[in-house]
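Top to bottom, those sequences are chains D and L. All residue numbers for the first sequence refer to my numbering, where the first residue is 1 and numbers rise by one. All residue numbers for the second sequence refer to my numbering, where the first residue is 1 and numbers rise by one.
Don't read these hints as lab results, they were simulated from the structure. Errors might be hidden in some of the hints.
[Said to hold, decoys possible] To give an idea of the interface, some chain D residues facing chain L are shown, with a C-beta separation under 7 Å as derived from the structure:
#1 E179
#2 M296
#3 V297
#4 T350
#5 M438
Please read these numbers as outputs of a predicted model, since none were measured by experiment. Cβ coordinates follow ideal geometry from the N, Cα and C atoms, glycine included.
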Amino acid sequence: MRSVPEYRGRFRREQAERLLWRAGFGPRPGQAKDLARKGLDGAVRSLTHPASRSLRGRPAQVGGRPLAPRDVWGHDSLWWLDRMVRTRAPLVERMTLVWHDWFATSKAAVDTRWMLHQNALFRRHALGNFRGLLRAVTRDPAMLVWLNGVESTRELPNENYARELQELFTLGAGRGYTERDVRELARALTGWRADWQEGAGMVGFRYDKTWHDPGVKRVFGKRGRFDWRDAADLALEHEQHPGFFVAKLWGYFIPEPPSRRTRAALERLYVRERHDIRPVVAAILRHPALYTGPRMVKPPAVYVAGLLRAAGRGVDSDAWAWMLPMAGQALFEPPNVAGWNDERWVDTGTWRGRWMAANHVLEGRSLNPDPAVTKYPSTRKERPAEAVARAHRFWGKPTLSTATRRELIGFAQRAGAAATEEWQQEGYAILRQNALRMLIATSPDLHTS
Amino acid sequence: MAHHCRDFAHAARARAGQGLPAIEPGMPAPAGSGLSRRGFLLRSAGLALAVYGGGRLAPLQAEAALAQAPLAGGRVLVQVFLAGGLDSVSFLAPTEDATYRRLRPRLALPPGTGTPFREDGRLRWHPSAAALAGLHAEGKVSVLPAVGYEHPDQSHFVSRHFHEVGALDPRLATGWMGRYLDRVGTMDNPLQGLALDGTLAPALAAGRVPVAAVAEPGNYDFWARDVWGDVEALMLDATARIGAAHAGGGPATAQVARAAMHTAGLRTRLAPLRERDGVPAFTSPVAYPADPDSDFPQRLAALAAMLGSGLPLHCVAITAPGDYDTHANQTAVLNGPLKLTCDALAAFQRDLEVRGLADRVLVHVWSEFGRRAAENAEGTDHGAAGLGLVIGSRAAGRMVGEFPGLDVLDQDGNLRATSDFRGVYAALLEQWLGTDANGLIPDAAAVARPQLVR
Chain D
1 MRSVPEYRGR FRREQAERLL WRAGFGPRPG QAKDLARKGL DGAVRSLTHP
51 ASRSLRGRPA QVGGRPLAPR DVWGHDSLWW LDRMVRTRAP LVERMTLVWH
101 DWFATSKAAV DTRWMLHQNA LFRRHALGNF RGLLRAVTRD PAMLVWLNGV
151 ESTRELPNEN YARELQELFT LGAGRGYTER DVRELARALT GWRADWQEGA
201 GMVGFRYDKT WHDPGVKRVF GKRGRFDWRD AADLALEHEQ HPGFFVAKLW
251 GYFIPEPPSR RTRAALERLY VRERHDIRPV VAAILRHPAL YTGPRMVKPP
301 AVYVAGLLRA AGRGVDSDAW AWMLPMAGQA LFEPPNVAGW NDERWVDTGT
351 WRGRWMAANH VLEGRSLNPD PAVTKYPSTR KERPAEAVAR AHRFWGKPTL
401 STATRRELIG FAQRAGAAAT EEWQQEGYAI LRQNALRMLI ATSPDLHTS
Chain L
1 MAHHCRDFAH AARARAGQGL PAIEPGMPAP AGSGLSRRGF LLRSAGLALA
51 VYGGGRLAPL QAEAALAQAP LAGGRVLVQV FLAGGLDSVS FLAPTEDATY
101 RRLRPRLALP PGTGTPFRED GRLRWHPSAA ALAGLHAEGK VSVLPAVGYE
151 HPDQSHFVSR HFHEVGALDP RLATGWMGRY LDRVGTMDNP LQGLALDGTL
201 APALAAGRVP VAAVAEPGNY DFWARDVWGD VEALMLDATA RIGAAHAGGG
251 PATAQVARAA MHTAGLRTRL APLRERDGVP AFTSPVAYPA DPDSDFPQRL
301 AALAAMLGSG LPLHCVAITA PGDYDTHANQ TAVLNGPLKL TCDALAAFQR
351 DLEVRGLADR VLVHVWSEFG RRAAENAEGT DHGAAGLGLV IGSRAAGRMV
401 GEFPGLDVLD QDGNLRATSD FRGVYAALLE QWLGTDANGL IPDAAAVARP
451 QLVR
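Okay, chain D solo, but in the shape it has when bound:
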């Protein structure tokens, strides 16, 4: 029985930077260097056992007013983005996003009030126990509305949650269950109800025995008078579950699937730890594939929160509420119950959304191109490499590839050469600096980690 492989290579700023992106929302200025000093074990431990879950700094304000996530359109996503930017426990916040994708529920059909309630649930269980999480989700008001639990009765069971419980949440499509299991689990899950109240939406979520089908069900070859708790436990204890769980969890941190050996070792760890999430995440974060494997596209919310962190800016604009959707990730509104497709984050449409987001991060940070306002060396004085270095410092010196550096310098040269008239040379240098910041933020290096 071999344990999960661990990364033994050097752990410096570059590795710490990748870890902070994969397990959080990227480094604040200087944070990668600080984390590298802790070494791999210390760094991972600081993420899995954060000293504080409180948020840094002051709560976000838009237009001089505090956010109203329950009441104002879009403020729910601003409220969460603000947490991502200010968190002292980035892995907890990142896992909250993972569970939002895993148990993807959408405000397209659920009141914001219950979406926020579910969000707190995900955060509470972020690194907890999957059995506890699964049971909590099974009776969660948002989920009961989203997958029609409250419309499922003993007379007319609704299959929606029963199917996704197996297909998306615990086992995987076509892995160890039949259409009959879907129907029988639907019967077991009956009993939840709620009331519709004008002005308040769905309220009064409760378990009502008279709505539950008390009969014998046959699920995965077992017979019993199963109820909702049993339904969650049966799926969790299915022999196909550990393999599904560790591989799906792995996919949020590392783009290539685990080797058979690693997967088996992770499964053993998960079962031995009685479905605790934290040790499995810790093992994935220490795995060599995270540091030596291929790059991964950052989810749009992670990209945006990370740019804000790097630029030292908070959430102070409500534009994020529509920019995140354009970048391909409307928080609280995943495309469907399977969550976002993180293998296809970027196309010509979402790339434009990400461009606009980077541009918006620079709001109030760009240099005024009027040389009378901004003191800045002219294109004759500032060499292209200096201009690039200055823009690089603005973003806290993220790791850049040679190819990107070469193109940035090429651009800086051309922009400098375009200032053919003397009156242009001061203004163009400033325009060039603003452009370089955008080019760095939107380079493939920054869109991936």
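Use these hints to put chain L onto chain D, whose structure you have.
Quick look at chain L alone, frame taken from chain D:
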């Protein structure tokens, strides 16, 4: 299986919403909001275009100037997706059938509802589909009342994936239209495969050639704060250069790099469509339905305008409004978004007719499956065979496969398929796009082709 489920997760529905926050000056407009940004933007866009037009920037010059040879004689295929699994039994309802009334005590349409379906006296068009019933009477709609495949999978994501890749293969990563474009497309025309949605349609995912996602063709522009003139043009050029420098990188890097590479060219090509101060750059010759919650009609109007302006579009994918996964609330979905979808599709057909383009465009409407024959209270659970439509002046206008009836269902209580979606794709490829389906649809040799094109 690691990424199995999430492989099948899909394009976000761009939801341009109620109560959007105010747009500050110089800020781009949110998708579909109808709001506009002004001033600064126009200035910078105009300057950049002038530079591109002058051909000063080497990598983009060729793309901007390129005259595209039309593919397949300029024919265009538009796939319209009804997400969630449309209830085909409501779309064409056996309203007088006793079994229907027994299986659907709450949801059955009352006897006599809707226009009779000429090709099968048992069926009537849902009132929401009245506009398509009208086109059907003109011979411009082929109905597939029960399209599916053997051993139907009742997972949204598996069944949808099968339809997107054109095969019963959970691991195939390229879309069926994407593979077609890989065969006939070019390396410099992302518009050849265009998703008119917020994200790329998986059916268009190509292995070799570029394809595009553009949610709002009238608003595909880029700007950067306090950057303009020559420097802005050079910056946009540099985004493409940085992309090109990384196009051969690993999968994640290459995905970003390729998008970056093609944005500048797309922006140039779409410039003639760019709205000015919120006013579209084109006018539609017909009226499209208006709906505050969906810009689907406007996207179709823009599509007709793009085709009218000669842009080199070839395969197009667009998601219809509505969530057809009607486990509950079915009546409202079929009365609302379905009607908007059908009305908009009919308007699009009329638009093409007025523009003289109707002989060049064929529309294929699909959903990942139909729904259970029996209702569950206010909705229906996942089913098997579902609805397909082929719409256009060149559509054969004849039903493909019969309505299988509700008296003999499959073992799960679902409708049995009387046509196969892979046969539909093979027929569209061969009869409409003029290419051999073998090598594009893995099971092409095993499936029969219905006559879909006249």
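Right, here's what the structure says about each hint:
no.	hint	result
1	E179	holds (5 Å)
2	M296	holds (5 Å)
3	V297	holds (5 Å)
4	T350	holds (6 Å)
5	M438	holds (5 Å)
This entry satisfies every hint, going by the numbered hints stated previously.
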